[in-house]
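Peer 1: As a plain string of letters, each chain reads:
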Amino acid sequence: MSLLEIKNLHATVAGREILKGIDLTVNAGEVHAIMGPNGSGKSTLAQVLAGRDLYKVTAGEIIYDGKDLLALSPEDRAREGIFMAFQYPVEIPGVSNLYFLKAALNTIRKHQNLPDLDAMDFLALVKEKMALMEMEQALLSRPVNTGFSGGEKKRNEIFQMAVLEPKLAILDETDSGLDIDALKIVANGVNSLRGPTRAMIVVTHYQRLLNYIVPDFVHVLAEGRIVKSGGKELALELEETGYVGIEEAVESA
Amino acid sequence: MDRENRVSTSANTIETYANQEYKWGFVSDIAADAIPAGLNEDVIRLISHKKNEPEFMLEWRLKAYRHWLTMKEPEWANVHYPPIDYQKIVYYAAPKTNVDRPKSLDEVDPELLRTYEKLGIPLQERELLAGVAVDAVFDSVSVATTFKGKLGEMGIIFCSFSEAVHDHPDLIKKYLGTVVPSSDNFFAALNSAVFSDGSFCYVPKGVRCPMELSTYFRINAMNTGQFERTLIIADEGAYVSYLEGCTAPMRDTNQLHAAVVELVALDNAQIKYSTVQNWYPGDKQGRGGIYNFVTKRGACRGVNSKISWTQVETGSAITWKYPSCLLIGDNSVGEFYSVALTNHYQQADTGTKMIHIGKNTTSTIVSKGISAGHGQNTYRGAVKILKSASHARNYSQCDSMLLGDKCGAHTFPYLEVKNTSSQVEHEASTSKIGEDQIFYCRQRGISTEDAVSMIVHGFCKEVFRELPMEFAVEAQKLLGVSLEGSVG
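Taken in sequence, the protein lines are chains A and B. If you count the first sequence from 1, position 86 lands on 86 in the numbering used here, and the numbers rise without skipping. If you count the second sequence from 1, position 372 lands on 625 in the numbering used here, and the numbers rise without skipping.
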């Protein structure tokens, strides 16, 4: 059974249809890249999977781990193992990164009938994952994303992902705003989290990220539909032709 | 500088932020010994007589009353309410238990004890809890005072105001009305005329009060205005931390509460005054609820003295309150840390006044206003640095947080600096709990309610850390309860 199955998904925002029939199957262990021009619906797809209620699903279904995903609240989706690395991580002044992450982890553990991690074990876990992301420990006591640089925010997202160990990770334009060094660190962190029980959906505009996070499958989204799917070489092809070329090829086909 | 910020939010999910019923609304059934409604000199004489007061006290009350008659109710605050009919208010009520005062908790009306239990503050536990002496004010008269013996050994006087009038008239004569004169303002004058009871504390020279002194206020008899009077004196080199907290039962009619608190700190003395206020705020439509018109002021009379006000205001329909510091002694320090939350139709106009008179005086103001539902939250603060206050310093920070799009936050800072050697800093911010913040938390598995609570606590952290530990826990709990069901 596949981990995620999206069938004929239609979604609107403020009455405008953005997703116009998406079909996508993701199995555990796979990394899927979703590419496409601005406005193609990439981020909408990510947000719909996470349960953002600004987006209304008007048709179709999503089966995740055997469950009707659309019937679950965003927090229950998170507790069931869906993690989204935000394109624009939100600042929460006054709430320390450490406190926030511990609250998140223990809520998820509770859902899995696991006991709370005590302070010592939690700290040990956190330190291990921070080293992975080459993050300074001072970031732990700082308020969530507050005053973080763009790169620090993105690293913090992947760090959270490393701690929360999701089954399905959705990376929404994680490469945007990163310089090449930060990009490598982030990609490195993501790659270390790849494994047979975890799937990833990497949403990106640029092929660049996929040099470092090499996907198993690439899908091109245009005007709310997946217009082309292929292996990792499709990303390189896009680099050559640009999205315009792909769209034209699809239209003439 | 006179500035106003009006802001409202527009996040849709947060629209329904306003569904929490007052959890602690109930009326306990203790027969009250009340006098009829209305106010005149005879009523004042009756109050004074019932309390068996010495002549000087009656004269003081009457003088205040005569002055009050010449005064007009203030209208400058950013709060709106129907006119108060002062002749419809009952100015004195005492529980029957006052007739023969209980010597110990065993003699206290069990109904009263149950009332405290419902509030989650069982006296027995409080008594046992390390370091907290409780002077419980139930409707106007103190019915239980604990730890008095231990404090007495150190020369600390901690008793009801009525007792102090009898047992320590010299201290009362020396200090009463010296910080808040009976003619100070309309509500202070009214309080001076009719005050029922309250707390008195005197910490002698060089004594550090070893426990947090604590009073739980509660308004109970129907239609009874509550007029508390508190006077705290820290003599040279003394230290005292005082906690004031309250909740009130649910009722229909508006209740006036006009308390006066006076603090006096002499040379090198320090007073820390912390309040958690949770009076009945009215129902979801804004009906009922307490009118809280309070005058709180502290005088740093001595050199190097310090007064800190910390308040967490979540209750009352209307709050009108400006705990202030008169920084008279050289090097004296005034602090004001405040969290004010308005939900439903609550209105709060609160802030502080820091009057710098002595040299090298410093003051710090940290105000956090949270507005939800249709709540209106106003910060009003005055920093006045007189010519004599050379090298004075002030730092003010006023932050507002909005939940939903029907509430409001307003800031009115007044700064007046009369010399050139002083430094004044003012920072202000307005933020809202965004849907994006809540979604971010939910995407990490945290429920909406926990997310709001977490974000609000983060916002208030600088104030909470000024509260004594056990009070901070209570304040956080209260804030959580006040905000429950408010989002999405």
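Keep in mind that the hints were calculated from the coordinates and are not lab data. Heads up, a few of these hints could be off.
What the hints assert, rightly or not - Below, in silico cross-link-like pairs of lysine-lysine (DSS-like), each with a Cα-Cα straight-line distance of 27 angstroms or less: (1) B:Lys659 / B:Lys612; (2) B:Lys659 / A:Lys56; (3) B:Lys303 / B:Lys341; (4) B:Lys458 / B:Lys427; (5) B:Lys537 / A:Lys102; (6) B:Lys714 / A:Lys127; (7) A:Lys7 / A:Lys228; (8) B:Lys659 / B:Lys458; (9) A:Lys184 / A:Lys127.
Peer 1: If a hint holds in the structure, say so; if it doesn't, say that too.
Peer 2: Taking the hints in turn, this is what the structure says about them:
no.: 1; hint: B:Lys659 / B:Lys612; result: violated, 45 angstroms
no.: 2; hint: B:Lys659 / A:Lys56; result: holds, 25 angstroms
no.: 3; hint: B:Lys303 / B:Lys341; result: holds, 20 angstroms
no.: 4; hint: B:Lys458 / B:Lys427; result: holds, 16 angstroms
no.: 5; hint: B:Lys537 / A:Lys102; result: violated, 35 angstroms
no.: 6; hint: B:Lys714 / A:Lys127; result: holds, 25 angstroms
no.: 7; hint: A:Lys7 / A:Lys228; result: holds, 16 angstroms
no.: 8; hint: B:Lys659 / B:Lys458; result: violated, 52 angstroms
no.: 9; hint: A:Lys184 / A:Lys127; result: holds, 20 angstroms
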